[in-house]
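S.K.: Chains as they are written, first to last, in my numbering: chain A, 10 to 120; chain B, 9 to 123.
Worth flagging that the hints you see were computed from the coordinates, not collected in a lab.
None of these values were measured; they are calculated from a predicted model.
A few of these clues could be false.
To be verified - Have a look at the derived ranges for each label pair, beta carbon to beta carbon:
no. : chain 1 : residue 1 : chain 2 : residue 2 : range
1   : A       : His19     : B       : Ser88     : 35 to 41 Å
2   : A       : Ser16     : B       : Lys120    : 38 to 44 Å
3   : A       : Arg73     : B       : Asn25     : 43 to 49 Å
4   : B       : Val91     : A       : Val21     : 44 to 50 Å
Beta carbons: idealized from backbone N, C-alpha and C, even for Gly.
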Amino acid sequence: DAGVIQSPRHEVTEMGQEVTLRCKPISGHDYLFWYRQTMMRGLELLIYFNNNVPIDDSGMPEDRFSAKMPNASFSTLKIQPSEPRDSAVYFCASSFGHTIYFGEGSWLTVV
Amino acid sequence: AQSVAQPEDQVNVAEGNPLTVKCTYSVSGNPYLFWYVQYPNRGLQFLLKYITGDNLVKGSYGFEAEFNKSQTSFHLKKPSALVSDSALYFCAVSLFTGGGNKLTFGTGTQLKVEL
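With the rest of the complex left out, here is chain B:
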């Protein structure tokens, strides 16, 4: 079984400050990890993924995430937050097998960036 935990329901940060949205995972085997963002009344948009290789992955809109195998974490970060980053962020994990890429999502973290 695979699972994802996003321990914070909401993260508040001032514009211009760095932001971190936390994610830990549990999976037997090598995980594939993803971050998605959801704006109000919209679908999920892919931000970035870790499959293999460099532990620091860079994605869309200046976001990055660091894969930490020993801590089973994949935290999302951005050096300088924008008000337009305010949205719902989902971490997801999967084991890509011959049967397809079944994503298991966390419960989501609402990010609020204030002026």
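This is chain A alone, in the form it adopts within the complex:
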């Protein structure tokens, strides 16, 4: 299996622009997670889905962030409008059972 696939791997955008991060989970996995990693706050769970349904979005920092999972093989995390403090690495992860498998991350820089 190819693992969890994320795109883009790197993005530099200007403040105020919309950013869309994409994720393809491992086939057959029923849970999908979005994490954010920063030096200051470490790894934070933003939101997770079960069978395409959002279960817990309490980690989403504010209304500028939204996530969708229209089908079992695709999810997006959108930031609109983006701000410099959103600069971070965003990880998508998926699981079937106990072990969660992570993608390589989307490295976002907002200038």
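Mind docking chain B on chain A? Use the hints.
M.R.: Below, chain B alone, put in the same frame as chain A:
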């Protein structure tokens, strides 16, 4: 609430020597415990997990970890360190419920293995 503490920001060890990366946890109930490794500019890679059963679990790349319920610890160990083991290591805990496996991560420990 669940939490994980990794008391050392960095661990230095000479190649060939044994290594230990410490982790303690706090959770109400029976924990599920995990170790992940992150190489520079990469995602997190699963190393090993404790769910139930034998307190000593073996994982990838020769790593192992021991679950100690009385000390609420899950330290990562390797008998002989390699320079290629140098990376950032994360301990994580969860309570697997019908609502899914929400992992709470520690702050990470940078392992540096020197020749």
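S.K.: Just pull the numbers of the violated hints for me, sorted ascending.
M.R.: Violated: hints 2 and 4.
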